[in-house]
Amino acid sequence: MSFELQALCIVPGQPHPLLAPEKSSAWDSLAKSYERLRVDIEKLDPEIILYFSTQWLSVLGWMFQADPKPKWTHVDPNWHDLGNMPYEFEVDSAFAFVHEQEVKKTGRFTRTVNYEGFPIDTGTIVAQKLLNPDNKYPASMISCNMYAEKEETVSIGEASFQALQRHGKRAVVVLVSNLSNRYFIEEIDPQKDRISSRKDDEWNLKILELLGEGRLEDVAQVAREFSKEANGDMQFKGVWWLNALGGECNEYEGKVYDYQPVWGTGCGIAMLKPNESHPSKSGQFVPKATTQPDFHQTPKSVSLSNSAQPVEVNATTNKVEAAQGQVIQSGQAAHAVGSYPHARREGEFLFLSGIGPRRRDTNEIPGLIQDEQGEVISYDIIAETHAVFDNIKAVLASAGATLNDLIDVQVFLTDIKRDFKTFNQVYAEYFPDSNVAPTRTTMGIVGLPTPIHVELKVVARLK
Amino acid sequence: MNGKIVSGLLSPHPPHLVYAENPPQNEPRSEGGWEVLRWGYHRYREKLKSLKPDVILVHSPHWQTVVGHHVLGLDHFSGLSVDPIFPHLFRYRYEMDVDVDLSRSIASHGKEEGLLMKEMKNPDFRIDYGAIVSLHLVNPDWDVPVVCISSNNSPYYFSNEVGQKEMAKLGRATRNAIEKSGKRAILLASNSLSHRHYTSEPDLPEDMSKEHIYHHGQYLWDMEVLKLMKEGKSQQLLDCLPEFFDMALAEVKAGALAWMLHAMDVPDYPAEIYSYGSVIGTGNAVVEWDPENRGGQS
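For the protein sequence lines, the chains are A and B, in the order given. Residue numbers are given in numbering that gives the first Met the number 0: position 376 of the first sequence equals residue 375, and the series is strictly consecutive. Residue numbers are given in numbering that gives the first Met the number 0: position 186 of the second sequence equals residue 185, and the series is strictly consecutive.
These are calculated hints, taken from the structure and not from any lab test. Possibly wrong hints are sitting among the right ones.
List of simulated lysine to aspartate or glutamate pairs, EDC-like, C-alpha gap at most 20 Å [what the hints assert, rightly or not]:
1) 103/A <-> 118/B
2) 209/B <-> 186/A
3) 104/A <-> 200/B
4) 168/B <-> 118/B
5) 110/B <-> 186/A
6) 117/B <-> 80/A
7) 110/B <-> 185/A
8) 70/A <-> 26/B
9) 103/A <-> 363/A
10) 168/B <-> 186/A
11) 103/A <-> 200/B
12) 117/B <-> 360/A
13) 227/A <-> 150/A
Far from chain A, some chain B residues (derived; all Cβ distances over 10 Å) [unchecked claim]:
14) 81
15) 85
16) 99
17) 208
18) 220
Where chain A lies over chain B, by a calculated footprint (3+ residues, C-beta under 8 Å) [said to hold, decoys possible]:
19) 58 to 72
20) 123 to 132
21) 191 to 202
Here the structure is a predicted model, which is why all the values come from computation and not from measurement. Beta carbons are placed, not taken as given, at the ideal position from N, Cα and C, and that holds for glycine.
Construct the entire structure; sequences and hints are all you get.
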């Protein structure tokens, strides 16, 4: 048993192809295309199917279905007259916990759900019943956080990949999402169903053209504009998750099975199979360290100064060029514990101050357990190391740099005997290829200013 | 005898309030919490008993429909409601009787107004948790028949004006149906005010040391809206709702408040604020319009 990212799929979550294909040639066509996709998935013989449905909305962070056999008779709130959707699914609940752990490492709130009668959404039910009708493959489901913007959604996609890799199984990933999501709000003749506007139609076709060419990264790049112009389903954010899970690249063989309307919305069915150039084929795939900032990101204050006074720079905004002598204060990394900036640029070099694992928002040290007097009971060098890299990535991003730009690293460990081996393993996840990794020096030291156990001092060269 | 609306209540539906009460219908158990809001509901429960209503109508944003306004078309529903957002707080077994005649009459009057109306007749349908929370909080005995109306906010896709006009028609249809029914009706607009949540939660959900409004701007908007309610300025309230939606992510965008105010003929008398409080960052108020007392003006 070994991990393989076999295919990424996009399917619509409308119940019509499942419950009423006979009423419309468009819905019937979708049902038949779903069946062709099912057959192609069967040929891959996956060991797990992971679903992300835009109809499973969460508010408190991210949720994971952990009930091994969820069972219910679902009735859609709007399409109740189409009939019932009874289900009994086989869920890989062990993966739910692995998935939750990986997402938790991003600092987000997580929750597994295992409650009788917990409402699985229409989209997931439709996809699972049409793609995996006999529960041949264990399924898993992650929610869609309604507040998550691009940066958060991308980080979750990366965590989902890490979870699948850790789980070590052949995986097919399914995004359940409409394309354009503008409904007719009156009764229609199902046989005359059509996309609700020409503009939506043209945008859908553009997205499908890109998917057919295997250009998922390009789809993710235009997702926000698509959503604005064609009322994309949940801002089409599912594509950000899917693309991040796949390594943010265009290295796929794309296949579009169908494109049809359901009550005015745009419904596409597509599969993307990683080609030989896909990063997951190298066996050393690490999701991108830093997402390319998005031009349309919610504007926040962004400024750079030539003065010695630190200025706030938001890591999620456009890539910015740090000018000579500038100091950098990231809006995302933990606050400094003294009078020094996060980083300073000199020439083409960017020097970062020592970076630890504290979270910016809570000052919390991941994995640390202390007694009431503040004495350390236990700590987690894995969690701390990941958190250090999160902070470093945030500071680098503030100067338009990534981990790939690092040229030298100094490591400080407070218990080198205990932690060196584990630290080294985590470090290798970020720099799997020593031929391109930065130089490194590791030191055991007697202590650090706060109850942390690892700190990194890095230098980057800016392009 | 003409039927009439004897009371209209803005009745937010955070499941936390039911969780905090530990009623027998709900599985999770709490140590309390959100008392100020719950005291408001407690006071309204006593009022409701004195009003002796024949029917309670609820418009809930968690029964979302995109094609038409739907009403329950069967006379009894029972089942298990599990909140999809807060399943750890709300797993509630419900039994409810439906006033199907009034539901049908509202649908009929809605059609006369030019609305697309539908009856929901699937016995396996699960009643949405928003309606259940509001109904429980005003009448935990469930001894008054109900009418549930879906939230069709798709007209708001086009513009706030289109959405408001739609809710005005639905409100008129509701009022006309109630008057013809000869019944004493209570309306529930199952909405919070400002509606930005925190995306994480304390280990103990009812830890009130962690509970506060998401941001001060929301609070100011909530106070502005409550001021208009207290001053009996319902038309101004309706007029400022689009801005309230945008500035405070107000849940009233789902249409319930506009529906209720129009059903009550846009009251020009003061509403009574029973309570206000935040729940996981959202702003919530229990507010009553009493057409007989008219805020003490009668």
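Against the structure, test the hints numbered earlier, and report the numbers of the ones violated in rising order.
1, 2, 12, 14 and 15
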